[in-house]
Amino acid sequence: MKLTEINIILIGIVSLLGVGFYGLLITRNLIKVVMILQILVKAVVLAFVFSGKVSGNLGLGQSIAATVIVADTIVAVVGLALAVQVRRRFGTLDAPEISTLRG
Amino acid sequence: MERVEYGLLLAGAIICAYRAIVSKRILSSTIYLACISALISVVLFMLGATQVAVMELSVGAGLVTVLLVYALSVVGEDALDPSSVISKPLAIAVVAAVTLLLGWMIYPAIQFENLMGSVDLASVLWQQRVLDVWIQIVLIFSGVMGVLGLLSERTPGKAEGGHS
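Read top to bottom, the protein sequences are chains E and L. Just so it is clear: in the first sequence, position 30 is 30 by our numbering, and no numbers are missing. Just so it is clear: in the second sequence, position 135 is 135 by our numbering, and no numbers are missing.
Check before you lean on any hint, since a few could be wrong.
Sample of chain L residues at the chain E side, in silico, Cβ under 8 Å [what the hints assert, rightly or not]:
#	residue
1	M1
2	L10
3	I31
4	V42
5	L44
6	V75
7	R129
Covered stretches of chain L (in silico footprint by chain E; criterion: 3 or more residues with CB under 8 Å from a CB of chain E, positions within the stretch not fixed) [to be verified]:
#	segment
8	14 to 21
9	51 to 61
10	96 to 109
Pairwise CB distance ranges, derived in the manner of DEER restraints [to be verified]:
#	chain 1	residue 1	chain 2	residue 2	range
11	L	E2	E	I98	22 to 30 Å
12	L	P108	E	R89	47 to 55 Å
13	E	I98	L	F45	39 to 47 Å
14	E	G91	L	L90	28 to 36 Å
15	E	T100	L	A109	39 to 47 Å
16	L	G146	E	P96	19 to 27 Å
17	E	G91	L	A109	43 to 51 Å
18	E	K2	L	F45	44 to 52 Å
19	L	S23	E	T4	27 to 35 Å
20	L	L102	E	Q85	28 to 36 Å
21	L	Y107	E	Q85	24 to 32 Å
The set of hints was computed from the structure by calculation and includes no laboratory data. For glycine and all other residues, C-beta sits at the position ideal for the given N, C-alpha and C.
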């Protein structure tokens, strides 16, 4: 496999997704989970734009990427608000600990 | 020459992503996340997606960072990340398998050059993907309403009155 621009960007996207998946597996803090979702979505946005560029339809890639950015921001806002409420109610941000609580 | 620039920018983004994940202090992770946004914005700009690059920079490195710092200020300094539930070697093995499978599936699909003519973002967004615009408006509205509902603190009198 030659290291062309396409291959370098592809390796970057897949590596960023891999780092994000690893973070999701090892992280327990709710705020950090929201941050790792942001990392994953950044890789996906880059993949959309890159696929649009490669296929010659950059406008379509940008359009879908813009929608993904808006949706991701709303997810982050609501996720952070939920994390703050969980912290106020249960006194912890540890996801496994919250799953064992009752009430 | 652009290969080197793409490589350096993406390597920086990956290193920042790793540091954001393994960092014990979440405020440091927030700064690393802003750095990732800035680096990805430069890559998007170099790919020709200027509008999305500006959106990513303003929203990813600006708005989301401010929201995270606000959430951290509400939660307090005890927002440290505890150790993981599953073992790290197992997580690395699973992620390596998934990443290799993903690369193996994607690689053959992108080995072609420009087949279609270029279409600008405005005509795509306002003519072909107008439903996306409406979805974005609804998402923003629902996000604002959701945050207003979630961040509002109930007064004790009203909460007790609701149960009786």
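Exercise. Kindly confirm whether 19 to 27 Å is satisfied by the beta carbon distance between L/G146 and E/P96.
Key: holds (25 Å)
Self-check item: Minimum beta-carbon distance criterion (8 Å), L/L44 to chain E
Solution: For L/L44, the interface hint holds, since the closest Cβ of chain E sits about 6 Å away, which is under 8 Å.
Self-check item: Minimum beta-carbon distance criterion (8 Å), L/I31 to chain E
Solution: Result: violated, 11 Å to nearest chain E Cβ.
Quiz item: Regarding E/G91 and L/L90, is the given constraint of 28 to 36 Å on their beta-carbon distance met?
Solution: holds (30 Å)
Quiz item: Taking the beta carbons of E/K2 and L/F45, is their distance inside 44 to 52 Å?
Solution: violated (25 Å)
Practice problem: With chain E as the partner, please determine if L/V75 meets the hint condition of a C-beta pair closer than 8 Å. | Solution: holds (5 Å)
Practice problem: Take the segment 96 to 109 of chain L, compare each residue's beta carbon with every beta carbon of chain E, and decide whether three or more fall closer than 8 Å. | Solution: holds (count 7)
Practice problem: State, for the Cβ atoms of E/I98 and L/F45, whether the hinted interval 39 to 47 Å holds or is violated. | Solution: The hinted range 39 to 47 Å holds for E/I98 and L/F45, with Cβ atoms some 40 Å apart.
Quiz item: When the nearest CB of chain E is found for L/L10, is that gap smaller than 8 Å?
Solution: For L/L10, the interface hint holds, since the closest Cβ of chain E sits about 3 Å away, which is under 8 Å.
Quiz prompt | Status of the L/R129 interface restraint (C-beta, 8 Å, chain E) | solution = This hint holds: L/R129 lies near chain E, its Cβ roughly 5 Å from the closest one there, short of 8 Å.
Quiz item: Taking the CB of L/L102 and the CB of E/Q85, does the distance hold inside 28 to 36 Å?
Solution: With a Cβ separation near 35 Å, L/L102 and E/Q85 satisfy 28 to 36 Å, so the hint holds.
Practice problem: Using Cβ atoms only, decide whether L/V42 comes closer than 8 Å to chain E, and label the hint accordingly. | Solution: With Cβ-Cβ at 11 Å, over 8 Å, it is violated.
The structure does not agree with the numbered hints 1, 3, 4, 11, 18 and 21 stated previously, though it agrees with the rest.
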